[in-house]
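One-letter residues, chain by chain:
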Amino acid sequence: MFTEEELQKVQEIRSHYPTNLAAVMGVLHMYQDKAGIVDEKGVAYVAKLIDVPEEHVLGVATFYEMYHQHPTGKYKLQVCTNVSCMLCNSDMVLKTIKDRIGIGIGEMTDDGLFSVHEVECLGSCGTAPVLSLNKQYHENLTPEKINELIDTMKAKG
Amino acid sequence: MIDYQPVILPNIPDLHKIDVYEQHGGYAQIRKALGMKPTDVIDIVKASGLRGRGGAAFPTGLKWSFMPQQGDKPSYLCVNGDESEPGSFKDRQIFEFNPHLMIEGILIAGYALRIKAAYIYIRGEYETWVRMVEKAVADAYAKGYAGERMKETFGTDYSVEIYVHRGAGAYICGEESSLMNSIEGKRPYPRVKPPFPAQVGLWDCPTTINNVETIANVPVILEKGADWFKSIGAEKHPGPILYGISGHVNKPGVYELPTGMLLTELIFDVAGGVPGGKKIKMVIPGGSSMPPLRGDALEGIRMDADSLKAAGSAIGTAGIMVMDEDTDLTRILTRITHFYKVESCGQCTPCREGTGWMLKVLNRMLAGEGESKDLDLLHSVAGNIEGNTVCALGDAAAWPVKFAIERFRDEFEAELRQELPRTIVPTVT
Ligand SMILES: Cc1cc2nc3c(=O)[nH]c(=O)nc-3n(C[C@H](O)[C@H](O)[C@H](O)COP(=O)(O)O)c2cc1C
Ligand code: SF4
Ligand code: FES
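Top to bottom, those sequences are chains A and B.
Number 145 in this note's numbering belongs to position 145 of the first sequence; there are no gaps in the numbering.
Number 494 in this note's numbering belongs to position 337 of the second sequence; there are no gaps in the numbering.
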């Protein structure tokens with residue numbers, strides 16, 4: 001699964017801590033970034049790689065929001081609907097997305113290109129409303145900005 | 158308006174670059190610290206009156222004095238950049254615009270506390286900022302300011318390693334004992350205290366946890382002196398502070414100013430007031446966990462620990478959320494409660510079950526099927542969570558509900574009678 005270079009990165013992460021177990025989050029991030037999912041196979045792979053029991057890795061992988069056990073769209077639209085964004089009209093963000101690609105929270109387009117997720121405060125309340133597209137923040141959203149963003153992703157495919 | 162020159166986020170272009178940081182006196186304060194005894198550094202921080210910027214406003218020098226100055230075990234520092242409290246977006250500014258100030262603060266704290274390694278914990282969603290901080294740390298290593306080569310650079314036998322640890326989307330990891338379990342690679346359940354981290358922390362070794370902004374204040378204290386620091390802002394809670402102002406204001410953002418500013422001054426003068434000149438219904442002064450204040454009773458309330466305590470709230474992260482007169486409080490309270498329910502680690506029954514129960518009742522109210530007695534039920538469930546849990550997330554979930562109902566009963570009753578509009582009037586269209 002991991003390339004030589006990536007395995008070196010694993011070693012580097014491991015060297016930051018006195019135990020193997022502490023490397024689990026960093027290596028799970030690497031796996032998630034590469035495979036787009038941390039499924040059973042991923043858990044087994046990471047466990048073997050850093051030599052810790054699978055149930056440990058599973059326990060960590062299932063606790064955190066950012067390790068996905070189920071497939072998501074190629075482009076993940078993670079919309080903040082917490083207080084400051086709500087006050088600045090995150091309803092509009094969800095509606096604009098729905099009008100444009102026909103899906104709402106927890107759904108994925110049939111072609112697997114987009115999925116929409118409701119997320120908690122992204123730490124960007126001063127530039128609300130906000131969404132994160134594959135970990136890239138888009139702030140001070142307007143319908144125009146959102147449509148433009150979706151069009152760009154569609155064109156890229 | 159107030160005459161104040163920012164020191165945490167000064168207006169210097171490209172300050173995030175190590176060369177620019179050096180040109181402006183960067184990495185001189187660690188040199189100064191290394192010429193002192195570690196306990197003298199702690200004494201200066203104590204004398205400055207610096208209090209933690211992560212939520213509890215605990216005196217930093219006192220916290221540092223709990224750490225053993227010698228022993229067989231290594232000591233650790235965790236720099237808390239989990240920044241997931243709704244309404245808080247300030248540490249991110251330090252990561253982006255002045256990361257070396259934080260790094261120099263780590264070096265100084267590290268020396269004072271005889272730290273072997275420091276972990277900067279950054280929430281996983283901040284991928285962009287993780288990269289910025291990783292770059293800054295790498296640059297500090299390359300210049301010999303961190304790691305083994307420090308000894309050569311500064312000509313002493315002290316050195317400290319600095320690592321960036323990425324979170325993966327869990328608010329609870331900001332709680333200090335959960336954060337340590339997260340770094341250790343365990344499921345991040347908060348730990349029962351005592352023992353406290355200064356005795357039994359990371360890998361059972363002495364550990365101090367400080368917020369990013371707290372650490373960033375340390376080089377400033379060394380440079381300008383404890384007396385200067387103490388002279389800024391509120392007497393018992395002094396220094397520069399990063400206010401995050403969001404919601405219904407004309408100029409939302411992070412503003413560095415002295416502690417103890419009037420809430421009204423911050424909202425109206427600094428953040429430009431409320432769009433459309435509307436009245437304010439509610440203000441949450443320090444992130445969503447803090448008790449909400451009535452908009453018609455803000456006069457005279459200052460943003461420091463004592464003033465806010467007297468007003469029945471707390472400073473938290475100094476993330477101020479402003480809601481105008483048309484805001485649907487039932488919807489806001491439902492959203493806040495939803496947050497705590499989702500983020501509860503589930504370890505204690507009152508928190509796990511109580512947040513779920515409150516959310517159910519609030520959803521019923523939101524659907525227009527609530528009754529006046531639901532407010533009493535909510536208040537009682539909140540009261541049963543408060544003080545009965547392992548960590549402070551329980552209180553954080555209880556307070557907004559409890560105090561919103563106590564302070565806005567008239568509003569909720571009117572909403573129940575469906576006399577008020579059911580939607581938030583947006584400020585952005
Ligand atoms: C649920 C919960 C979440 C917290 N999140 C954060 C956080 O994101 N950042 C932070 O600095 N402190 C957070 N805290 C407070 C920390 O537990 C701790 O008090 C703080 O990091 C200490 O640093 P300070 O003394 O410099 O403020 C949180 C506390 C709780 C109970
Ligand atoms: S109070 Fe809630 S979040 Fe904290 S330990 Fe208990 S269940 Fe977990
Ligand atoms: S509430 Fe949306 S970023 Fe904070």
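If you're looking for bench data, these hints aren't it; they were derived computationally from the structure.
There may be inaccurate statements among the hints.
Claimed, not checked - No more than 20 Å apart at the CA atoms, straight line, and that leaves these computed lysine to any residue pairs for SDA-like:
| no. | chain 1 | residue 1 | chain 2 | residue 2 |
| --- | --- | --- | --- | --- |
| 1 | A | K135 | B | K230 |
| 2 | A | K34 | B | G326 |
| 3 | B | K230 | B | Y315 |
| 4 | B | K498 | A | K95 |
| 5 | A | K95 | B | R488 |
| 6 | B | K498 | A | K135 |
What the hints assert, rightly or not - Rough simulated footprint, nothing fancy, chain B against chain A, three-plus residues with beta-carbon under 8 Å:
| no. | segment |
| --- | --- |
| 7 | 101-111 |
| 8 | 120-129 |
Beta carbons are placed, not taken as given, at the ideal position from N, Cα and C, and that holds for glycine.
How the hints compare with the structure:
For the hint linking K135 (chain A) to K230 (chain B), the alpha-carbon distance of about 38 Å lies beyond 20 Å, and the restraint is violated. At most 20 Å may separate the alpha-carbon atoms for a hinted pair to count; K34 (chain A) and G326 (chain B) meet this at roughly 18 Å. Note on K230 (chain B) and Y315 (chain B): the hinted pairing holds, with a Cα-Cα distance of about 16 Å set against a maximum of 20 Å. Straight-line distance between C-alpha atoms of K498 (chain B) and K95 (chain A) comes to about 25 Å, which puts the hinted pair past the 20 Å bound.
The hinted pair formed by K95 (chain A) and R488 (chain B) meets the criterion: a straight-line CA distance of about 18 Å does not exceed 20 Å. Pair hint K498 (chain B) plus K135 (chain A) does not hold up; C-alpha atoms about 24 Å apart against a cutoff of 20 Å. Coverage of the segment 101-111 of chain A by chain B is violated [criterion: at least 3 residues with CB-CB distance below 8 Å; count 0]. Requiring three or more residues with a Cβ within less than 8 Å of a Cβ of chain B, the coverage given for the segment 120-129 of chain A holds, as 10 such residues are present.
Of the numbered hints listed earlier, those contradicted by the structure are 1, 4, 6 and 7.
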